[in-house]
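Trainee: Chains as they are written, first to last, in our numbering: chain A, 1 to 408; chain S, 1 to 149.
Possibly wrong hints are sitting among the right ones.
No farther apart than 30 Å at their CA atoms in a straight line, the calculated lysine-lysine pairs in the DSSO-like style are these [as the list claims (entries may be wrong)]:
1. A/17 / S/126
2. A/109 / A/237
3. S/93 / S/132
4. A/17 / S/80
5. S/132 / S/80
6. S/93 / S/126
Which residues of chain S face chain A? A partial, calculated answer using Cβ under 10 Å [what the hints assert, rightly or not]:
7. 15
8. 20
9. 38
10. 62
11. 67
Just so you know, the hints here were simulated from the structure itself, not pulled from any lab data.
Just so you know, these numbers come straight off a predicted model, no measurement behind them.
Ideal Cβ placement from N, Cα and C applies to all residues, glycine included.
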Amino acid sequence: MTDLAHLRSDFPILDQKMNGHPLVYLDSAATSQKPAAVIDAVADFYRTTNANVHRGAYTLSNDATDLYEGARAGVAAFVNAAVGEIAFNRGTTSALNQIAYGWGLYNLKPGDRILLTLMEHHANIVPWQLVSRHTGAELVYVPHTGDYALDLDAFADLLDERVKVVGITAMSNVLGTINPVRQIADAAHEVGALVVVDAAQAVPHMAVDVKAMDADFLAFSGHKMLGPTGIGVLYGKASLLEAMEPAEGGGEMISDVQLESSTWASVPHKFEAGTPPIAEAIGLAAAVDYLQAIGMDVVRQHEVEITAYALDALTAIDGLTVYGPPDTANRGGAVSFTLADIHPHDLATILDQRGVAIRAGHHCARPLARSLNQPATARASFYLYNTPSDVDALVDGLQESREIFGVA
Amino acid sequence: MSLNELYREVILDHYRAPRHHDHLADPSGTAEGKNPLCGDEVTIEIALDGDVISDIGAIGVGCSISQASASMMSEAVSGKSRAEVEELVRKFKVMMAIEDSDEEIVNPDRPGEALGDLEALQGVRKFPVRIKCADLPWITLQQALEEAE
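Same shape as in the complex, but just chain S:
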């Protein structure tokens, strides 16, 4: 296991300079995610324009993995429809070995292929205790989307 695989440059960049790190004026849905065991906290706010995430706030405190995951996620889902976000969530969770998929929704040789910067989080898979850190913002996003319904 290599720490360089875990702490990729892009992860540290998102940790130090998180994107979409501001609250929204009038969110359509908000959810707070907490990991009481380690104290990671993420608040996800989304603004929906019809079916499309027109704006997102991803605010939190915590470890580099949780906060970088939130930041990268906020970029990846901006401007996407619910259906597109759902597909992205599934691909992310399969890449991270959080969920299995019967169909081949990701390239088995390169599961993060369609995920852009998020592919950098794949190294977390080799550190099982940290997978929940990467997953926290995604669970929270799903809750925010439910709340916006």
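Okay, chain A solo, but in the shape it has when bound:
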């Protein structure tokens, strides 16, 4: 197995006991842990270089601006975007709202359709619902197959000239499913629709190339990819960003302000109203450096292997059902499951007593939970610092859960 266990010592938080047991962190799909390199980059910035960006006529501010804009360049290169195609914001949710309010609000009208998938996180549903209320555009959803893949036949049936935008997750945060974004984008472009990719789960766990995907817009978060909270990334094709209106107005995003109206700063700064998350962007750049030093192909390979190990061990437990593709070639490291009639919250409590941290609930994807007929599932999700022994601890805790609940 691709062994990255030597990296664990880079993550200070992992070296602790939780309820008397070594911490086994299996909730990286919610947020990842941070290596010392990221923590230090943020702390060093505050210790040595902290100043506001783009406005100071003094050396410290210029240094802070250089670091901030350098972070943009590093993040852009990471997903094969041009520097000017990357805007920083608070997170994936912020980026998706910018697209909905900056593009959707001005370009959708009654009779238009917004085509989403049932796998979407609430962050790629609710902004479109809000925009739909304003514009009269209709929301339509692509279901998934019994194998938890996107139903491409249904997608083809639903895709017509009425569809103006397709919102799709590159990797489901519940099922783990990796969607064929390029194929979706090609089909969408044929009917003139834009493609908005929620890459919050994909960018941390596999090599993502916005050009190869042919995504029109793409969003991801720093905190799920070893970076700080409060920093997110909006990618857009240059021409689309040029044409898109800002969703937030304020300082830093203007060229000139008159009493009645204003003109915007150039892309991408017109999407960065107010003081941006400067230290967080610098921390994210450190996370990108850390991931690149390992290599995203290695990160992905490790995840494929540990997910295969987990799927084998979990499906061997009597009464356990996994909701997601069985083939690791088509999935990431988020594994959702239920165990007999034991509620996921009860599983989470029992596992917590053994130091094992998992998520339980609807994972901010209630339409998907309904389509699975499971109001709640348990979810274990892996990242580069997880080892097979973490999976073993999970399995032991699930066996204890069966005993406590008297599952035959």
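Place chain S on chain A using the hints.
Mentor: Coordinates of chain S only, in the frame set by chain A:
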């Protein structure tokens, strides 16, 4: 913290075979409780005969703690007057450390003494993230009683 204190036999019994788990034909008051964070759902329906809860429906889906709490509550409040139910709610919330009480309404050495099966839920106190699960049906009951006014 012992999981055996949390998952007492009586709790698992109520979880697996919830009492009063049917809708009422003609409820005097109905309320739905939801915990959007974890997805626990409880619907409480009450029929009042004058001042007395003559029948109750406690229907829901969720974790063992929320559903067992609803089931045990439904048994405990059946046939009780509003005043008696209010006292029971207070005793329960004090036992669960959800509320404080200036007067000593429960035995400090054994706060669940007067609560019957419900005493089994006392173990939840040691699992702070789960207290809201146990509390959900009780909040919902209070809403159903208000609605019936």
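Trainee: Indicate, hint by hint, whether the structure satisfies it.
Mentor: Hint-by-hint comparison with the structure:
For the hint pairing residue 17 of chain A with residue 126 of chain S, the CA-to-CA distance comes to about 18 Å; that is within 30 Å, so the pair holds. Distance restraint check for residue 109 of chain A and residue 237 of chain A: the Cα-Cα separation of roughly 23 Å lies within the 30 Å cut-off, and the hinted pair is therefore satisfied. This hinted pair checks out: residue 93 of chain S and residue 132 of chain S have alpha carbons roughly 11 Å apart, not beyond 30 Å. Pair hint residue 17 of chain A plus residue 80 of chain S does not hold up; C-alpha atoms about 47 Å apart against a cutoff of 30 Å.
Taken as a hint, the residue 132 of chain S and residue 80 of chain S pair is honoured in the structure, with Cα atoms around 24 Å apart against an allowance of 30 Å. With a C-alpha separation of about 14 Å, the suggested pair residue 93 of chain S and residue 126 of chain S falls inside the 30 Å cut-off, and the hint holds. Hint status for residue 15 of chain S: holds, given a least beta-carbon distance of 8 Å to chain A, under 10 Å. Checking residue 20 of chain S against chain A: minimum C-beta separation of about 20 Å lies over 10 Å; hint violated.
Annotation: interface hint on residue 38 of chain S holds; nearest CB of chain A at approximately 5 Å, less than 10 Å. At about 6 Å, the closest approach between the beta carbon of residue 62 of chain S and any beta carbon in chain A falls short of 10 Å, and the interface hint on this residue holds. Taken as an interface hint, residue 67 of chain S checks out: its beta carbon lies about 8 Å from the nearest beta carbon of chain A, inside 10 Å.
The earlier numbered hints that this structure contradicts are 4, 8.
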